[in-house]
Amino acid sequence: MTSPYEHHDYDVLIIGAGGAGLRAAIEAKQRGLRVAIITKSLLGKAHTVMAEGGMAAAMGNVYAEDNWQVHFRDTMRGGKMLNNYRMAELHAKESPERVLELEQWGALFDRTKDGKILQRDFGGHRYARLAHVGDRTGLELIRTLQQKVVSMGTDVFMECKVLRLVHDENGAIAGCVAYWRPTGEFVTFAAKTVILATGGVGKSWKFTSNSWESTGDGHAMALWAGAQLIDMECIQFHPTGMVWPLSVRGLLVTEGVRGDGGVLRNSEGQRFMFNYVADMFRAETAESEEEGDRWYDDHTAGRRPPELLPRDEVARAINTEVKAGRGSPHGGVYLDIASRRSAEFIRRRLPSMYHQFMELAGVDITREAMEIGPTCHYIMGGVKVDADTAATSVPGLYAAGEVAGGMHGANRLGGNSLSDLVVFGRRAGMSAADYIESGAGPTGFDLAEVQLAVKDALAPFENENGENPYDVQRDLQEMMQANVGIIRTGSEIDFAINALGEFAERVRNLSVKGGRAYNPGWNLATDLPSMISVSRCTALGAANRKESRGGHTRDDFPKADPEYGKFNFAHQMTNGSFDSEIRTERSALLAMPDELAQLLEEAK
Amino acid sequence: MANVTMRVWRGDAGGGDFESYTLEQNEGEVVLDVIHRIQATDAPDLACRWNCKAGKCGSCSAEINGKPSLMCMTRVDELPEGPITVAPMRTFPIIRDLVTDVSFNYAMAAKVPALLPPPMPEGGYTMFQEDVARGQEFRKCIECFLCQDVCHVIRDHEDNKAHYAGPRFFIRYAELEMHPLDTNDRRDLVREEMGLGYCNITKCCTEVCPEHIKITDNAIIPLKERVVDAQYDPVAWLGRKIRRRTKRSADEAAVQPAP
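First to last, the sequence lines map onto chains A and B. So for the first sequence, this note's numbering puts the first residue at 1; every next one is plus one. So for the second sequence, this note's numbering puts the first residue at 1; every next one is plus one.
Think of the hints as simulated: they come from the structure by calculation, not from any bench. The beta-carbon is built from N, C-alpha and C at its ideal position, and this holds for glycine as well. Warning: the hint list may mix true and false statements.
Calculated from the model, a selection of chain A residues having no Cβ within reach of chain B, i.e. all distances over 10 Å [stated by the list, open to error]:
hint, residue
1, Leu33
2, Gln104
3, Gly115
4, Arg341
5, Arg508
Subject to a maximum C-alpha distance of 30 Å in a straight line, what follows is the list of computed DSSO-like cross-link-like pairs (lysine-lysine) [what the hints assert, rightly or not]:
hint, chain 1, residue 1, chain 2, residue 2
6, B, Lys140, B, Lys111
7, B, Lys111, A, Lys113
8, B, Lys140, A, Lys116
9, A, Lys113, B, Lys214
10, B, Lys224, B, Lys203
11, A, Lys116, A, Lys93
12, B, Lys67, B, Lys161
13, B, Lys224, B, Lys111
14, B, Lys161, B, Lys203
15, A, Lys116, B, Lys214
16, B, Lys214, B, Lys203
17, B, Lys140, B, Lys203
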């Protein structure tokens, strides 16, 4: 085959340059393979940089009692047992090593008094477990990996947007077709393996902590390529996003504020979280403010305060308080650390939060409480992968990081994402290398798929009277926020499923103004098909899961149903078109070995 | 609320001009919000970079009323009344509208010899907070390249780009130089090939840094001292000759693979 466009040839092609993609690249590059990374943005700008609080790893530097077994247990309970147990096990076992290796590459974590990596408390983690750098841990992670990748001479294609994966004639992955954002020219990549590391989907909701990049490209491309998506109804609404000014609504406020002593209050000044402790967590949660306060200094002197319950619990509680009329003036609740810690402590531990509130909201968090509310933050669901190899069901296709599903079950614990990126990024890189070394690989490159993608991408230029992509995106965000948001109900979900059909038609009828060179309107037009495909899976999963669990709450089925705890909903497309039919089926959870099941049974 | 008028530079490498957009002003908005509203309505093809919209990724750099700034951290209500001018960074070649070709910075990043630590002991390295604090200040850098944009050595003299790394990379070299684990010696490289001597400490870079890194005082001046010491101090010179070398020369460092 001869591609009619600029063409490149690699062994391992990695789509996405966040933590997972960069870590995968390092691993594959160390195996002597030809590796390239493609990113929609500049290198070093991926969403990983937004992660604030830290990366969870049971290193035991602060509490020697901590170990992988406890971390595994916390992760599974936080995920409401919907997790792929093997992923949670590998993650808990391997994350300490992944943190230490970052130090060999130049990371500078905050230290304990005896010169080890300091670890901080976060929701759902039994012990102080998050390695961190103030509240900019994601920046440290991405910069460290970026510098390592660059020092190894890895090829990075920046501001290059992948449109679609390309197969060979047998259905194995053979590469992808993309376009250069600065010029609008198309480019094709042949590759023996492709690793998806494209992050999340949050941009389909109105209030989100996610950037423009989080449009679910990898989720959608996997779906179109024949892979399965699981748990797409499980979306994490982070309890603490900014609510004012409106223009920054949704912007993340790190859980580190609560880990470091911040508490939640309603308009009556009450620490309402004490009223929202679910049975599952009662035995390990403080009963009084005094008990919770003792815990910060010594975890054996009291139980953890309820503000540090897993994120799904806290987000629902805030939602309920606001609905009951006990919210703040701008529709959130108060997050107060000013009255509990010294100004000096706050500025040292939470410098970027201090900065963010001071400059964007004119609020001095060392003197006043913050107004916060839930914001769409993370998707637990993603491409179904094999835990050990990160392999999807499509030969040659791997997925790691947020785009992969299973690791976090129905709800992710804070701090488990950064460690997920490096644990499974590395595994994806290793497996891709193994696949290539075994002699496997594509036997061709389907140019028809390339031509189809190019034709679809250019269609909005031919259409003179279609819609502005920005209008469609705004309506989609409002529709998803209203109908498949933090609290869901059957009729609204059904409405969303129908509406998404109409949105697909609108996406078929877009018009783009201007030329192809660095045209954000056109770029959005190429993002929208992904957003539609992924949102459809979310809505279908939400309709099928007739219970409440983790990041999926149904008003009409408010309790968890043990029957639904036995399987994921898996989605697969009948053909590769973004609006083609989606088949949703039950996919049984992996059976857990007895010794791990035991860990979950054991007394607190 | 009142209206806001924004004069945005539109064009490409072939040339361009400012175009005015007048919109209703919303409470608490930053410049990037207004740009986004222009994109969503009048000009969907208006090119600008952005990602996090929270001052953490350093994508939305521009010159606002002539001052290099992040669009996402500049409140409209804190700018003087009257039209707001938004132009691309001047030091880098234009791609389109507010988007510039910043590949110079990535080329400089590729020239930095990697950290070279000793083998890691069982259980990890021991480093104390006071040892890592200096490097942590420089690692706050979000690579917005505003310091590069404002630096007159390359802003006014395109030719200097061939042999001048710029403030962003001086803090990177300073960070590595002060890193508790590093055994590479980049001092000759910084002096001979990265053009540290061109910097005459006008502190413009420090002034525009959105992370408030004291680029000049804490990185460039100490780096200049170390580089000069290495070259001229006879005691240090003799010491390097007779002591067991823990630091490698720049040439060796450049080819030494990282662990």
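Assertion that glycine 115 (chain A) lies farther than 10 Å from chain B (Cβ)
violated (4 Å)
Distal placement of leucine 33 (chain A) relative to chain B, Cβ over 10 Å
holds (16 Å)
Are the Cα atoms of lysine 113 (chain A) and lysine 214 (chain B) separated by 30 Å or less?
Satisfied, since the Cα-Cα distance of roughly 26 Å is no more than 30 Å.
Check the hint pairing lysine 111 (chain B) with lysine 113 (chain A) against an upper bound of 30 Å on the C-alpha distance.
With a Cα-Cα distance of about 35 Å, the restraint between lysine 111 (chain B) and lysine 113 (chain A) is violated, given a limit of 30 Å.
CA of lysine 116 (chain A) to CA of lysine 214 (chain B), is that 30 Å or under?
Holds, at about 27 Å.
Reported absence of arginine 508 (chain A) from the contact zone with chain B (all CB gaps over 10 Å):
Consistent with the label, arginine 508 (chain A) stays out of reach of chain B, its closest Cβ about 18 Å off (over 10 Å).
CA of lysine 116 (chain A) to CA of lysine 93 (chain A), is that 30 Å or under?
holds (19 Å)
Holds or violated: lysine 214 (chain B) to lysine 203 (chain B), with C-alpha atoms at most 30 Å apart
Satisfied, since the Cα-Cα distance of roughly 9 Å is no more than 30 Å.
Given the hinted pair lysine 140 (chain B) and lysine 203 (chain B), is their Cα-Cα distance within 30 Å?
Cα-Cα ~18 Å, so holds.
Does lysine 203 (chain B) lie within 30 Å of lysine 224 (chain B) when you go C-alpha to C-alpha?
Roughly 14 Å separates the two Cα atoms, so the pair holds.
Does lysine 67 (chain B) pair with lysine 161 (chain B) here, judged by a C-alpha cut-off of 30 Å?
holds (21 Å)
Examine each Cβ of chain B, and state whether all of them lie more than 10 Å from the Cβ of arginine 341 (chain A).
Holds, because the least Cβ-Cβ distance between arginine 341 (chain A) and chain B comes to about 18 Å, which exceeds 10 Å.
Hints 2, 3 and 7 from the list above are not met by this structure, while the remaining hints are.
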